[in-house]
Amino acid sequence: MIKLSRRKLIATGLAATAGATGFVVASKLAERYGLVPPDSGGIYGPGETLTYAAQRVLTRHSLAREFSPSQVSKTPFANEVDPLGEEFQRLQHGAFADWRLAVDGLVTRPASFSLAELKSFPRRSHITMIQCEEGWSYIAEWTGAPLSHILGLAGVLPKVRYVVYHSIQTDWWESIDMADALHPQTLLAYGMNGGELPIGFGGPLRMRVARQLGYKNVKYITRLTLTDNLKQFGKGLGSASPEGGYAWYAGI
Amino acid sequence: MPDTLRPRHSFLVRVTHWIMTVSFLALLVSGLELVVSHPRFYWGETGSVNTPVLFKIPIASSRAKVPTGYGYVLPDQNGWSRYLHFQSAWVLVMTGLLYVAVGLLNGHFRRDLLPARPDVSPKRLAVSIGQHLRFERPGAEEAWSYNVLQRLAYLLVVFVLFPMIIWTGLAMSPSFVAAIPAAVNVLGGQQSARTLHFFLTGSLVLFLLVHVFMVFLAGFRNRMRAMVTGRTVEPLERV
Numbered sequence: 099m100i101k102l103s104r105r106k107l108i109a110t111g112l113a114a115t116a117g118a119t120g121f122v123v124a125s126k127l128a129e130r131y132g133l134v135p136p137d138s139g140g141i142y143g144p145g146e147t148l149t150y151a152a153q154r155v156l157t158r159h160s161l162a163r164e165f166s167p168s169q170v171s172k173t174p175f176a177n178e179v180d181p182l183g184e185e186f187q188r189l190q191h192g193a194f195a196d197w198r199l200a201v202d203g204l205v206t207r208p209a210s211f212s213l214a215e216l217k218s219f220p221r222r223s224h225i226t227m228i229q230c231e232e233g234w235s236y237i238a239e240w241t242g243a244p245l246s247h248i249l250g251l252a253g254v255l256p257k258v259r260y261v262v263y264h265s266i267q268t269d270w271w272e273s274i275d276m277a278d279a280l281h282p283q284t285l286l287a288y289g290m291n292g293g294e295l296p297i298g299f300g301g302p303l304r305m306r307v308a309r310q311l312g313y314k315n316v317k318y319i320t321r322l323t324l325t326d327n328l329k330q331f332g333k334g335l336g337s338a339s340p341e342g343g344y345a346w347y348a349g350i
Numbered sequence: 074m075p076d077t078l079r080p081r082h083s084f085l086v087r088v089t090h091w092i093m094t095v096s097f098l099a100l101l102v103s104g105l106e107l108v109v110s111h112p113r114f115y116w117g118e119t120g121s122v123n124t125p126v127l128f129k130i131p132i133a134s135s136r137a138k139v140p141t142g143y144g145y146v147l148p149d150q151n152g153w154s155r156y157l158h159f160q161s162a163w164v165l166v167m168t169g170l171l172y173v174a175v176g177l178l179n180g181h182f183r184r185d186l187l188p189a190r191p192d193v194s195p196k197r198l199a200v201s202i203g204q205h206l207r208f209e210r211p212g213a214e215e216a217w218s219y220n221v222l223q224r225l226a227y228l229l230v231v232f233v234l235f236p237m238i239i240w241t242g243l244a245m246s247p248s249f250v251a252a253i254p255a256a257v258n259v260l261g262g263q264q265s266a267r268t269l270h271f272f273l274t275g276s277l278v279l280f281l282l283v284h285v286f287m288v289f290l291a292g293f294r295n296r297m298r299a300m301v302t303g304r305t306v307e308p309l310e311r312v
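Protein sequences, first through last, are from chains Y and U. If you're matching positions, the first sequence starts at 99 in our numbering and goes up one per residue. If you're matching positions, the second sequence starts at 74 in our numbering and goes up one per residue.
To be clear, the hints were calculated from the coordinates, so they are not data collected in a lab. Watch out, some of these pointers could steer you wrong.
Straight line, CA to CA, 25 angstroms or less: simulated DSS-like cross-link-like pairs of lysine-lysine [said to hold, decoys possible]: (1) Y/Lys-333 x Y/Lys-172; (2) U/Lys-129 x Y/Lys-172; (3) Y/Lys-257 x Y/Lys-106; (4) Y/Lys-172 x U/Lys-138; (5) Y/Lys-257 x Y/Lys-329; (6) Y/Lys-257 x Y/Lys-172.
Note that the structure is a prediction, hence the values are computed from the model and not measured.
Construct all of the structure, not just a fragment, from the sequences and the given hints.
Take a look at the structure:
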């Protein structure tokens, strides 16, 4: 039925070779410039890689929308929280005076900060929206220490590419690339709407990544680990989310 | 070329039609699955189970926090649904861009989809609507061309509904709207974008149902063959 002339065959062959070469070159370049997410394997890898690469090329430095105080949600929804363990309750009884944030991995000065120390650092507030992947959302004013400041104190080694962050709830751990880690709106938040950050919303310390969905904004942060390679954490997919079937990059 | 050998649909139209069919169905299934995790809709910037709804869909949810009144919770399917939704969106957008670019360059839209001026007169339109309402089978003149309602429907889908559903989808992305805030601000907020995205889905599903019904009415085998192989049987033959 279909007649292929020799010319057509050669043209098709050349196009296919050029396409394949282009694809290989593109993936090598994407890898080198940090445009490939850690969960790029599997059947949904191409879509995830396109999304993440497009966002990193086009929106790397953009700031999340900030709102006016009148737009702050009157009845924000805290979401459900898994039972908090004995360790958390012990710290809570001491008004979180003993809560520590450890910073380790590829840093020149591994450190550990108390909440009081974090609160003594330059603070930043922003009124931004947090969106759950399920579809609901609220706007709140978040106050905290910029993650970039804390990283600066610990001394980031040049080869660092990701910040892994752990919760006191050990099932919850996430990671972000340096574009989000050094982003001016990324905070270790300890305040909300002018008061202390309530426990339901992640108090005493929550990672606030303003340009990503709620599940990257992990509650009850106790530890930051700087790394150049996410393969050594968990199943090597970057964070707990891909292990549970959710995308690592949640800026969409 | 004799008429019987002239393809009803060009190769590019056929290939992009089926790629977009598959990706649209994948988007539809995964999108409805995502709705199940929060079958409540709002207007404005924000909304949650703590705020009033614009409307809610009376179905069970895959999240216990949503008060549905059903007393049971469906299994969570959001992980793969989200992966599939965004991957299919990439396929649909890139295929759609190719289709639109080539269609603009080779005159497909001007020639095949733009209705002739006399055909959009109220009288002619009324005639065509009447023919459709009586479920009249298309005549010989439609073997290689589209009727006026068909043209208008396709133009609406290609140049209004699909651009709008892509836009409202992007308007829900926190990183995208960080770069282009106007994309969500002009829609009235992120929850408005989500609600509009849902209604646009409804419009496209309605189009799909009518489209498939019309294919049956016009002769399923003949129209299917035309969209697969490009060829159509002689106009007067009724399948």
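A quick look at each hint next to the structure:
With a CA separation close to 40 angstroms, the supplied pair Y/Lys-333 and Y/Lys-172 exceeds the 25 angstroms bound. About 21 angstroms separates the Cα atoms of U/Lys-129 and Y/Lys-172, which keeps this hinted pair within 25 angstroms; it holds. Between Y/Lys-257 and Y/Lys-106 the CA atoms are separated by roughly 48 angstroms; this puts the pair beyond 25 angstroms, and the hint is violated. A hinted pair counts as satisfied when its Cα atoms are at most 25 angstroms apart, and Y/Lys-172 with U/Lys-138 qualifies at roughly 19 angstroms.
Between the alpha carbons of Y/Lys-257 and Y/Lys-329 the distance comes to roughly 15 angstroms, so the proposed pair stays at or under 25 angstroms and holds. Distance restraint check for Y/Lys-257 and Y/Lys-172: the Cα-Cα separation of roughly 43 angstroms exceeds the 25 angstroms cut-off, and the hinted pair is therefore not satisfied.
The structure is inconsistent with the numbered hints 1, 3 and 6, although it conforms to all the rest.
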